[in-house]
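K.L.:
The chain contents come next:
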Amino acid sequence: MEDIQEILEDFLVEAFELIEQLDQNLVELESNPDDLELLNSIFRVAHTIKGSSSFLNFDVLTGLTHHMEDVLNKARHGELKLSHEVMDVVLESIDLMKSLLHAIRDNGNDTSVGIDITDICRRLDIISNGEEVSAPVTPAQMDPVETPMDEDNVDYSKLSDKEVEEEIERLLKMRKEEDRQRKSQAAVSTPASTNVASSVQEDKYEEEEPKVAAASVKRAAPESSTPAKKDASSSMEQTIRVEVKRLDHLMNLIGELVLGKNRLLKIYDDVEERYEGEKFLEELNQVVSSISLVTTDLQIAVMKTRMLPIAKVFNKFPRMVRDLSRELGKQIELEISGEETELDKSIVEEIGDPLVHIIRNSCDHGIEDIATRRAKGKPETGLIQLKAYNEGNNIVIEITDDGKGLDPDLLRSKAIEKGMITEREADGMSDKEAYALIFKPSLSTAKVVTNVSGRGVGMDVVKTNIEKLNGIIDVDSELGQGTVIRLKIPLTLAIIQALLVGAQEEYYAIPLASVLETVRIPLDEIYTIEGKNVLRLRDEVLSLVRLSDIFGVKQVYEGGEHTYVVVIGLAESKLGVVVDMLVGQEEIVIKSLGDYLQGIEGIAGATIRGDGRVTLIVDVAALMNLAKGINVDIRASAETVVKAKTVPSDYVVLVVDDSAMDRNIMKKSMEPIGVKTIEASNGQEALNMIKSSEHSIDAVLIDIEMPRMDGYTLAGEIRKYSKYKNLPLIAVTSRTSKSDRLRGVESGMSEYITKPYSPEYLESVVRKNIKL
Amino acid sequence: MSDKLNQIIQKQQKQIEEPHKKEDDVVQLVGFIIGQEEYAVPILSIQEIIKPIEYTRVPSVPDYILGVFNLRGSVIPLIDLRRKFKMDSVKPTEDTRYIVMKGHDNTAGFVIDRLTEAIRIKGNRIGPPPETIHAEKGLVYGIGMREENILTILKVEALLKRDF
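Sequence order for the protein chains is W and U.
FYI, in the numbering used here the residues of the first sequence are 1 to 772.
FYI, in the numbering used here the residues of the second sequence are 1 to 164.
Okay, chain W solo, but in the shape it has when bound (with noise of 0.2 Å):
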């Protein structure tokens, strides 16, 4: 039983590639129809269907695709004149067999959907008989053994159960005859898209490059059709098939591999400040740096192990633009290029749509009619441009058209009917945002909505999916010339590129694809509009919102003259995202935040660091969503002090030291100031104290010798705390040489008195660093 199920699986996957070839090759062929190459491939294609669904009792399937078979056969002979309307009916027997594969596919079989196929057939009859020609010429150069004439003149519809078998028997036998032959003549033939087992994906994207070259769909790429090509395809590259699955679950054990590295590298750095200049550090250097080579590279291939190339997509697109162009009565060439352009699975998946609506609208609203273009002094003949590149982490895809081009003002003045936005907001939109507004729902320039597109819904579709996929949307378009959508899409979904910022305490990371650039600015570039806080960057209108408002962070500390932008875009939107700090660029894990904390808004899920920390990851979408909500004046919250200190009681001094004698001195020295001081005898107490935040401390005063922390570390640690960079440390200590006060430097200590001192002096340098 295992065994049918297993030869059914590869039937579909096989049937289904090979009808995506079919109509391909099919619509080349209607602009090319002396292409007899072509032709016999096709009816190869048609055939193989023909034989393993047969073997497999799918006997609707059969009988369609036999009747189909009749008319190319017809066709391949020169019987038959495919014209337009031939092939109308070939394409529609064509879906009708893809939709008895989805029915094989879901049910089993292909009778319980009971798609009828008698008129199809009929149909297919009618071409295959309608023109009689006196002599069939078969062409010299054909392949006599693929010509089986008479096998294919059996109608299975009136033969018994019994009859059929043997049928099949007969057939089955055929083709084994067939196929051993075919394949000693590997070279000149294509044997992968008959042999039904050797059905190797891999080969069949390399197969089909050199078959399409054709007229009305040109590849730009020039390597095809050389057959040299053809020849190290067929010698059989070594491939298997292997399940998601399981893809995935690598995925996710280099997942936690490259945290491993990021978490390696993180103790390296460590260890090198402690240990620097000895020996070990030079092998551990190379250690960490050659595991940490591999796992890129590791991670690099399993990646490509998940990578597919974008024909996959694009390939639908040839068939879909020459439906369109019949049904529009329009004349549009499609053009493609880089569809050997590679992404993950996932993505390739996603992308289909977004691209269908786009080409839809393309032909529909961009392309103009015959008569249209003619008058404008353009070629009849509209052209459509789908084109794919890599772009450093992302992926490009391009789709232009020689169109009428969108118009800014017809946008605006739509929106505005709708009331999607105020006659002022339309004044203030540059065209690029009007362009922005095609993507609204229910906004569409059409004046008649056909069944093509017009409804306003396709490019709302784009944009979802696009969001969905960290993607950015841009459109560029001239009034009369045409119009350009590009989508850039990074390449993979589970580890990614991203930046990491600050907000207050907390650490946010941003997807690097979704970030356009940072910028510093001064608080006092911000203004106010309507409540909205915006910055004026190069000759654009940003709206900012701050991170940590967003998010709800405590305030901790104040921020300063300036402050960080992150301008981050996505489709077709910006926005300004005030941050605290700038961490850096990291490559991170994506992992889910888990059922429990699923779905919240603005987060889209979590990484581990290399200090074991987990940050969360802002979903760029949600947060543009959120950012709308906020009304909070950046400029007037950052000028109001935190907490006000007017008297030196306020104040609160730490004094670190492990000597209650030493704390007392010191203590004494700043009574004449007046200030507060609470005590710590040594520096883990100290951390603790500042940790927990219970008192607002101005100043710490540190000994550097002290049991379970000593000084240099307290300040080290003090220092990694944002809030706390400004916090005077000051280390009182007996240590005098100048290697002594370097490291209190390093360590981030901002004064050094050194022991014994007078209490004048030490009251001195209290008050001058709490400015009292």
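Derived by calculation from the structure, the hints in this document are not laboratory data.
Glycine included, C-beta positions come from ideal geometry on N, C-alpha and C.
A portion of the hints provided could be inaccurate.
Calculated Cβ distances over 10 Å to all of chain W for the following chain U residues [as the list claims (entries may be wrong)]:
(1) E38
(2) G67
(3) V75
(4) R83
(5) T96
(6) A118
Now the in silico label distances, taken between C-beta atoms and shown as ranges [to be verified]:
(7) W:D427 - U:S89: 50 to 60 Å
(8) W:R613 - U:K86: 28 to 38 Å
(9) W:E561 - U:S89: 31 to 41 Å
(10) U:Q36 - W:D297: 26 to 36 Å
(11) U:P62 - W:Q497: 26 to 36 Å
Chain U: place on chain W using the hints.
P.N.:
Quick look at chain U alone, frame taken from chain W:
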């Protein structure tokens, strides 16, 4: 063979889920203190018990969810049971622990004040939950009577269920 195995597994499951119906069966629990009261959860639902470690706050969630922490590479939510039971939260002490509990499809850490002991209690010593406990509504599985005190036995599945 597998039928028999299934029966045994089901029986074991029943023992965990419905201890008071099997009069003579002994239930193993882990006891802990939150505030003034002693609570307990079935020992089999506990993945591990760890000392407090650093966690990361998660925005826009109820206040009893402190955030998430890293448990050997997994990101796990941390829930403060004091706040969940509408008590004031306190600073962590030497005794504070995180109990990591595992349910069918969820894992979460819970902050408790201190652990007491592993408890074996007879099924017939567990009574139904009282009607009146408001903050813990739906979370209590039953009340365990012991010689010197009573235990509130919590429903792990309910604790692990998202309720916001």
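K.L.:
Verify this label for me: U:A118 is non-interface relative to chain W, using a Cβ-Cβ cutoff of 10 Å.
P.N.:
holds, 26 Å
K.L.:
Regarding U:P62 and W:Q497, is the given constraint of 26 to 36 Å on their beta-carbon distance met?
P.N.:
Given a distance of about 33 Å, which is inside 26 to 36 Å, the answer is holds.
K.L.:
For the hint 26 to 36 Å, verify it against the beta carbon of U:Q36 and that of W:D297.
P.N.:
For W:D297 against U:Q36, whose Cβ atoms are near 58 Å apart, the range 26 to 36 Å is violated.
K.L.:
Grab the minimum beta-carbon distance between U:V75 and chain W and tell me whether it stays above 10 Å.
P.N.:
violated, 4 Å
K.L.:
Minimum Cβ separation between U:R83 and chain W greater than 10 Å?
P.N.:
holds, 16 Å
K.L.:
Confirm or reject the statement that U:G67 sits farther than 10 Å, beta carbon to beta carbon, from all of chain W.
P.N.:
violated, 8 Å
K.L.:
Mind verifying the non-interface call on U:T96? Its CB should be farther than 10 Å from each CB in chain W.
P.N.:
holds, 14 Å
K.L.:
Does the Cβ-Cβ separation between W:E561 and U:S89 fall within 31 to 41 Å?
P.N.:
holds, 37 Å
K.L.:
Please check whether the beta-carbon of U:E38 is more than 10 Å away from every beta-carbon in chain W.
P.N.:
holds, 25 Å
K.L.:
Within 50 to 60 Å: is that where the Cβ-Cβ distance between W:D427 and U:S89 falls?
P.N.:
holds, 52 Å
K.L.:
Is it true that W:R613 and U:K86 lie within 28 to 38 Å of each other by Cβ?
P.N.:
Distance hint for W:R613, U:K86 holds at roughly 30 Å.
Figure legend: structure checked against the earlier numbered hints; hints not met, in rising order: 2, 3 and 10.
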